[in-house]
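Colleague: Using the sequences and the hints given, assemble the complete structure.
Protein chains: 2
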Amino acid sequence: MDRRVRCYDCGKTYRLEERQRCSCGEPLWFDTDADAATFEWPDDDWTAGMWRYADVLPVSATATEPMGPVPGATPLVRAADLDEYAGCSLHLKPEGQNPTGSFKDRGTAVGVAYGRRDGHDWIGTVSHGNMALSTSAYAAAAGLEAAVFVPADTPTERLELIARHGARIFRVEGDYGRLYAETLALETDGGRFVNSDTPLRVAGQKTVAYEILEQFRPSAPDAIVLPVSSGGQASGVWKALRELETAGLLDSEDVPRLYPVQAAPCDPIATAYREDRATVSAIEPGETIAVSIANADPPSGTRALTAARETGGAVVSVSDEATREAMDRLATTAGLSVEPSSAVALAGVRELSRRGELDADDEVVTILTGSGYKERYDVDVESRTRTIDLEAVERELAAVVGS
Amino acid sequence: MDRRVRCYDCGKTYRLEERQRCSCGEPLWFDTDADAATFEWPDDDWTAGMWRYADVLPVSATATEPMGPVPGATPLVRAADLDEYAGCSLHLKPEGQNPTGSFKDRGTAVGVAYGRRDGHDWIGTVSHGNMALSTSAYAAAAGLEAAVFVPADTPTERLELIARHGARIFRVEGDYGRLYAETLALETDGGRFVNSDTPLRVAGQKTVAYEILEQFRPSAPDAIVLPVSSGGQASGVWKALRELETAGLLDSEDVPRLYPVQAAPCDPIATAYREDRATVSAIEPGETIAVSIANADPPSGTRALTAARETGGAVVSVSDEATREAMDRLATTAGLSVEPSSAVALAGVRELSRRGELDADDEVVTILTGSGYKERYDVDVESRTRTIDLEAVERELAAVVGS
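Going down the list, the protein sequences come from chains B and U.
In this text, residue positions in the first sequence follow this note's numbering: the first is 132, and each later residue adds one.
In this text, residue positions in the second sequence follow this note's numbering: the first is 132, and each later residue adds one.
I should point out that these hints are in silico values taken from the structure, not numbers from a laboratory.
A few of these clues could be false.
[Said to hold, decoys possible] Chain U is nowhere near these chain B residues, computed Cβ spacing over 10 Å in every case:
1. Arg135
2. Asp140
3. Lys143
4. Glu148
5. Ala168
6. Ser191
7. Asp212
8. Glu215
9. Ala298
10. Phe301
11. Val386
12. Thr442
13. Glu494
14. Glu513
[As the list claims (entries may be wrong)] Cβ-Cβ distance ranges computed for the label pairs, FRET-style:
15. Thr287/U with Trp172/B: 31 to 37 Å
16. Asp186/U with Asp520/B: 51 to 57 Å
17. Asp175/U with Asp382/B: 32 to 38 Å
Where a beta carbon is used, it is the ideal one built from N, C-alpha and C, also for glycine.
Modeller: Structural data, given as structure tokens:
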């Protein structure tokens, strides 16, 4: 079980305890290719969640017993009523149905289980949103202390959900990108930082792609479209596809194209793609409603860019206006309320169809990373609401629904 | 598929179109006993959610295609770290992982699918919380108009989640219990009210018990503890147990005892149980933090009371203080954030253990009906938060976690 971590780019390997990032500068992931070679679709009950894929994970659920929240096994929803809007045959993967309402639970579960197996007392993370909440909840269930580092100006209201789970919260004055990198380089005892693109987190995040491919059997989707911030999730999805190819469960000509999508006001990876550059560099960000993915200096940006290129995909960015529209369509047509950072992916699908990257015949899976119910948005409630008397119910109803 | 509805009490049957409540005054449920007699645990994939149990439902998922949100298949979590607190062997069923964050999705899915099959244009409901949100979301996915009737004083902030899905919202001045009953008696075309304890909703709600019993195989839990408001969910759970007995999948001596729990400030069913009365009557309610279950005149109160008695269970109520404590324990020990109305169930488990109704050896399933992330609560964020400089991260971390 003492698996090594490997650089996707230069191929160097290390023990996880040695480094969470390669000396060449690129991020690492677990070297699970040997396990993947013998992997077969599991017979286990889906109610085990993502732990069904324990054979290709660096740790199993038994390390976290008593188990706590169970991430994964989210449904795959065919959303035919949105096909015309999307310009393709659309499938949605609502990751908001994970226990803390976002895709982050998958990586957290692996990070916490691994820490518990190592006898750790605490787990740390640098985040002000979904990842902080997820880490706090799973740490609580595993009996570990959670140390959460957020930007100093994070609104208290947003921290309330995190504080419920008993986390220690640090508001940090200073550069957030530096904080992210420096916490990973700390010499710590009794704990470890599991930030967004670290090997443990990427290992967990890859299970979403295992699920999508299993749910799609016997065929495979033509494309997977997902929002991208640090690049950790895109890296995990890419790794899963490579492993499934290694396992002989996915033919090389059937590997889905990966399309990471960003919000236009903060799109360093899309910028690098557009300018045909080999690596991603930091940009000066603008404001966006997609706060969860506004990362101006993504630590796995180059890896996500490579994932898109190697699979024949692309990286695009979308306006906040397009994101708002996609969010509204998801809520009113598919019945799914998502955060703006998730709606970015559907807006991206539409944009990719416009550009001819996706065809009407393409089977496209869009990963909706987080629930929209954790925040209130600027929705016009009054225009949809009438105040009436009890006696008027029948008449008012008839006027509205024509009954 | 044109199944009849039957009174659990006097046995009279009707077509659903005729009545949603028996002429004797008691509520109806679908007469699915014949289907239950031949029911076997399904082989289907769990990612089909509760539609795995379509054989015992009045309608199948195909009636809602394209499918929209997929309810059910929530995990069953063993929470051993809470055994001492609970006084028994505790299992949790986190229904907050349903698409709109609550158990209501199960009944809604059946109601909407049935309406769509009938060629309806709209669906109505009387609710200001989880049920209104759930109905709005599933109606949107099925292309039906949702008409939601709320008390006139419902805060706009709470309605925002509902408005997102495009529902028509009516703030109604007047008695809420009367509104509930009168909407069910309306002669309507092109739509139907699916309120909390109606036959369609009870049919969907029963799937949670099918899941629990399937997840527990080959044994069965000794008890199921759940919050109760209208009594619709408790009725559904009871019906499922009866059906599984009919199917020969549950021995009569293994039928779990049912324990509905209420908030003490508004506990008409617990009051009737305590006073050993045959039926439940309306009470004058006090204020409680468990707003979702504060029903002073529960339409299926007597049915829920009967369910508890017939299975050898009981009905209890708990103080808001006990509910707050249980909510905190769930968040900090099991990593599960729930609404107060769900925490009531765990507080109830503790109370039942104190009274000797539950033993340390009892395997007890507690249904956590809704996610806590849809609202903000009064949590002391500041005491868990420190503002620090980037340079101080290592020192501050060490001080807190002892690394």
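Colleague: With reference to the structure, classify each hint as holding or not holding.
Modeller: A quick look at each hint next to the structure:
1. Arg135: About 24 Å separates arginine 135/B from the closest Cβ of chain U, which puts it past 10 Å; holds.
2. Asp140: At about 28 Å from chain U, aspartate 140/B clears the 10 Å cut-off, so the statement holds.
3. Lys143: Holds, because the least Cβ-Cβ distance between lysine 143/B and chain U comes to about 27 Å, which exceeds 10 Å.
4. Glu148: holds, 14 Å
5. Ala168: Consistent with the label, alanine 168/B stays out of reach of chain U, its closest Cβ about 26 Å off (over 10 Å).
6. Ser191: Given a closest Cβ separation of 16 Å, the condition holds.
7. Asp212: Answer for aspartate 212/B: violated, closest chain U Cβ roughly 5 Å.
8. Glu215: Glutamate 215/B clear of chain U: closest Cβ-Cβ about 12 Å, beyond 10 Å.
9. Ala298: violated, 7 Å
10. Phe301: Phenylalanine 301/B not clear of chain U: closest Cβ-Cβ about 5 Å, inside 10 Å.
11. Val386: Holds: least Cβ distance 22 Å, greater than 10 Å.
12. Thr442: Correct as stated: the minimum Cβ-Cβ distance to chain U is 25 Å, above 10 Å.
13. Glu494: Glutamate 494/B is indeed farther than 10 Å from all Cβ atoms of chain U, at 14 Å.
14. Glu513: violated, 7 Å
15. Thr287/U with Trp172/B: 31 to 37 Å: About 48 Å separates the Cβ atoms of threonine 287/U and tryptophan 172/B, which means 31 to 37 Å is violated.
16. Asp186/U with Asp520/B: 51 to 57 Å: violated, 44 Å
17. Asp175/U with Asp382/B: 32 to 38 Å: violated, 27 Å
Hint compliance for this structure: hints 7, 9, 10, 14, 15, 16 and 17 are not met, and every other hint is.
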